[in-house]
Amino acid sequence: MKNEPLVSIIMPSFNSSQFIDQAIQSIQKQTYDNWELLIVDDCSKDQTVPIVKKISVNDSRISLIVLEKNQGAAVARNTGLKNASGKYIAFLDSDDRWLPEKLQKQIDFMEKKNIAFSFTSYEFIRENADDPKKIVHVKDKMTYKDVLKDTRIGTLTVMVNRELTGEFSMPLVRRGQDLLTWITILKRGFIAYGIDEPLSEYRVVYGSLSNDKLTAMKRTWNNYRKHLDLNLFQASYYFTFYAFNALKKHYFEKEN
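UniProt numbering puts the first residue of the sequence shown at 1, with every later residue one more than the last.
If you're looking for bench data, these hints aren't it; they were derived computationally from the structure. The structure displayed is predicted, hence computed values, not measured ones. Glycine included, every Cβ here is placed at the ideal spot set by N, Cα and C. Warning: the hint list may mix true and false statements.
[Stated by the list, open to error] Listed below are the simulated DSS-like cross-link pairs for lysine-lysine, each with C-alpha atoms no more than 30 Å apart in a straight line:
no., residue 1, residue 2
1, Lys105, Lys87
2, Lys29, Lys133
3, Lys133, Lys218
4, Lys45, Lys87
5, Lys139, Lys213
6, Lys133, Lys82
7, Lys87, Lys145
8, Lys218, Lys248
9, Lys149, Lys248
10, Lys69, Lys226
11, Lys218, Lys187
12, Lys29, Lys145
13, Lys226, Lys213
14, Lys134, Lys218
15, Lys139, Lys105
16, Lys133, Lys87
17, Lys29, Lys112
18, Lys133, Lys226
19, Lys105, Lys134
20, Lys149, Lys29
21, Lys187, Lys105
22, Lys145, Lys226
23, Lys149, Lys113
24, Lys69, Lys141
25, Lys53, Lys29
26, Lys29, Lys141
27, Lys82, Lys105
28, Lys54, Lys29
29, Lys133, Lys149
30, Lys145, Lys105
31, Lys113, Lys141
32, Lys112, Lys69
33, Lys29, Lys139
34, Lys69, Lys54
35, Lys248, Lys82
[To be verified] Now the in silico label distances, taken between C-beta atoms and shown as ranges:
no., residue 1, residue 2, range
36, Thr184, Ser236, 16 to 24 Å
37, Ser236, Val57, 50 to 58 Å
38, Lys141, Ile65, 29 to 37 Å
Given the sequences, and given the hints that come with them, work out the whole structure.
Now the structure itself:
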């Protein structure tokens, strides 16, 4: 329908040939079809680019941007943002997937309530198919201070109404730029509204940077102190809650 708002989906890629076709297919299977997919490749050395080119030949909604040199996920995402045309911005990494009704349910939710920022629950994709399923459930809403205490917002679930928030970009840090972006948006007074339904699938790759919990904690502390300019007392206060909630989310919440 002509009055359906356009969703710009940002997907950074780097040596993603093993899973990127699944990620793209999960977008193509969406019940909501007014979207554009901007894949920004960060100088892959494998077959990622040929795979994307082959798929995009038959789908004009998919655009490929190849960076001239490897610069990291933040630059890739910002490049996608600069080239995005949609009212709504969504993010999907090249090894994750969406369930078919993800976009439709989130758009309906945001349009009905004129929401600037939303996120949803998500499920882990395990390397071992016999592992029990695990869902990260979300709260109805989160403020700036809530997110400092609990980093439960999954990037693959986020949708931002850019007409309400204005233009935004991600800070140029190696890891954690997504969380810093959400915190920066919410610090301006916006509220993140949650849909407690798993509409995305996050792939757990053991041994990856994102799966290193100690590294994640060190990075979060550094972000609180250096990038958010929290003083020692503020950083310690919020980090205590963050550490507790991170451990709870990964190790103590009930498997499904």
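Evaluation of the provided hints:
1. Restraint check for lysine 105 and lysine 87: satisfied, since their Cα atoms lie roughly 16 Å apart, inside the 30 Å limit.
2. Proximity of lysine 29 to lysine 133 is assessed by CA-CA distance (about 22 Å); at most 30 Å being required, the pair is judged to hold.
3. Annotation: proposed proximity of lysine 133 to lysine 218 holds, straight-line Cα distance about 28 Å (limit 30 Å).
4. Restraint check for lysine 45 and lysine 87: the C-alpha separation of about 33 Å exceeds 30 Å, so the hint is violated.
5. A hinted pair counts as satisfied when its Cα atoms are at most 30 Å apart, and lysine 139 with lysine 213 qualifies at roughly 22 Å.
6. Taken as a hint, the lysine 133 and lysine 82 pair is broken in the structure, with Cα atoms around 36 Å apart against an allowance of 30 Å.
7. The hinted pair formed by lysine 87 and lysine 145 meets the criterion: a straight-line CA distance of about 27 Å does not exceed 30 Å.
8. For the hint linking lysine 218 to lysine 248, the alpha-carbon distance of about 17 Å falls within 30 Å, and the restraint holds.
9. Between the alpha carbons of lysine 149 and lysine 248 the distance comes to roughly 12 Å, so the proposed pair stays at or under 30 Å and holds.
10. Taking the CA atoms of lysine 69 and lysine 226, the gap is near 27 Å; set against the 30 Å cutoff, the hint holds.
11. Restraint check: the Cα-Cα separation between lysine 218 and lysine 187 comes to about 22 Å, which is no more than 30 Å; the hinted pair holds.
12. Under the criterion of a C-alpha separation no larger than 30 Å, the hint pairing lysine 29 with lysine 145 is inconsistent with the structure, at around 36 Å.
13. Restraint check: the Cα-Cα separation between lysine 226 and lysine 213 comes to about 20 Å, which is no more than 30 Å; the hinted pair holds.
14. Our distance criterion of 30 Å between C-alpha atoms is met by lysine 134 and lysine 218, whose separation comes to about 25 Å.
15. Straight-line distance between C-alpha atoms of lysine 139 and lysine 105 comes to about 17 Å, which keeps the hinted pair within the 30 Å bound.
16. Distance restraint check for lysine 133 and lysine 87: the Cα-Cα separation of roughly 34 Å exceeds the 30 Å cut-off, and the hinted pair is therefore not satisfied.
17. For the given pair, lysine 29 sits about 23 Å from lysine 112 by alpha-carbon distance, which is consistent with the 30 Å threshold.
18. The hinted pair formed by lysine 133 and lysine 226 fails the criterion: a straight-line CA distance of about 36 Å is larger than 30 Å.
19. About 21 Å separates the Cα atoms of lysine 105 and lysine 134, which keeps this hinted pair within 30 Å; it holds.
20. Only pairs whose Cα atoms come within 30 Å are accepted, and lysine 149 paired with lysine 29 is rejected, the gap being roughly 35 Å.
21. Distance hint between lysine 187 and lysine 105 is fulfilled; the C-alpha atoms sit about 26 Å from each other, no more than 30 Å.
22. Of the supplied pair hints, the one linking lysine 145 and lysine 226 holds, its CA atoms being roughly 17 Å apart against a limit of 30 Å.
23. As the CA atoms of lysine 149 and lysine 113 are separated by approximately 26 Å, the hinted pair is consistent with the 30 Å bound.
24. Taking the CA atoms of lysine 69 and lysine 141, the gap is near 39 Å; set against the 30 Å cutoff, the hint is violated.
25. Between lysine 53 and lysine 29 the CA atoms are separated by roughly 18 Å; this keeps the pair inside 30 Å, and the hint holds.
26. Of the pairs offered as hints, the one joining lysine 29 and lysine 141 holds, with about 28 Å between alpha carbons and a cut-off of 30 Å not exceeded.
27. As the CA atoms of lysine 82 and lysine 105 are separated by approximately 26 Å, the hinted pair is consistent with the 30 Å bound.
28. Among the hinted pairs, lysine 54 with lysine 29 is consistent with the structure: their alpha-carbon atoms are about 17 Å apart, no more than 30 Å.
29. A threshold of 30 Å between alpha carbons decides the hint, and for lysine 133 with lysine 149 the separation of about 25 Å falls inside it, so the pair holds.
30. In summary, the hint linking lysine 145 to lysine 105 is supported, as the alpha carbons are separated by about 27 Å, within the 30 Å threshold.
31. Restraint check: the Cα-Cα separation between lysine 113 and lysine 141 comes to about 13 Å, which is no more than 30 Å; the hinted pair holds.
32. Proposed proximity of lysine 112 and lysine 69 is contradicted: the alpha carbons are some 42 Å apart, above 30 Å.
33. For the suggested pair lysine 29 and lysine 139, the alpha carbons sit about 27 Å apart, so the restraint of at most 30 Å is met.
34. The hinted pair formed by lysine 69 and lysine 54 meets the criterion: a straight-line CA distance of about 22 Å does not exceed 30 Å.
35. Taking the CA atoms of lysine 248 and lysine 82, the gap is about 37 Å. The hint is violated against a cut of 30 Å.
36. In this structure the hint that threonine 184 and serine 236 lie 16 to 24 Å apart at CB holds, the actual value being about 21 Å.
37. For serine 236 and valine 57, the hinted distance range of 50 to 58 Å is satisfied, since their beta carbons lie about 53 Å from each other.
38. Restraint check, lysine 141 to isoleucine 65: a C-beta distance of roughly 34 Å satisfies the suggested window 29 to 37 Å.
The structure shown violates the earlier hints numbered 4, 6, 12, 16, 18, 20, 24, 32 and 35.
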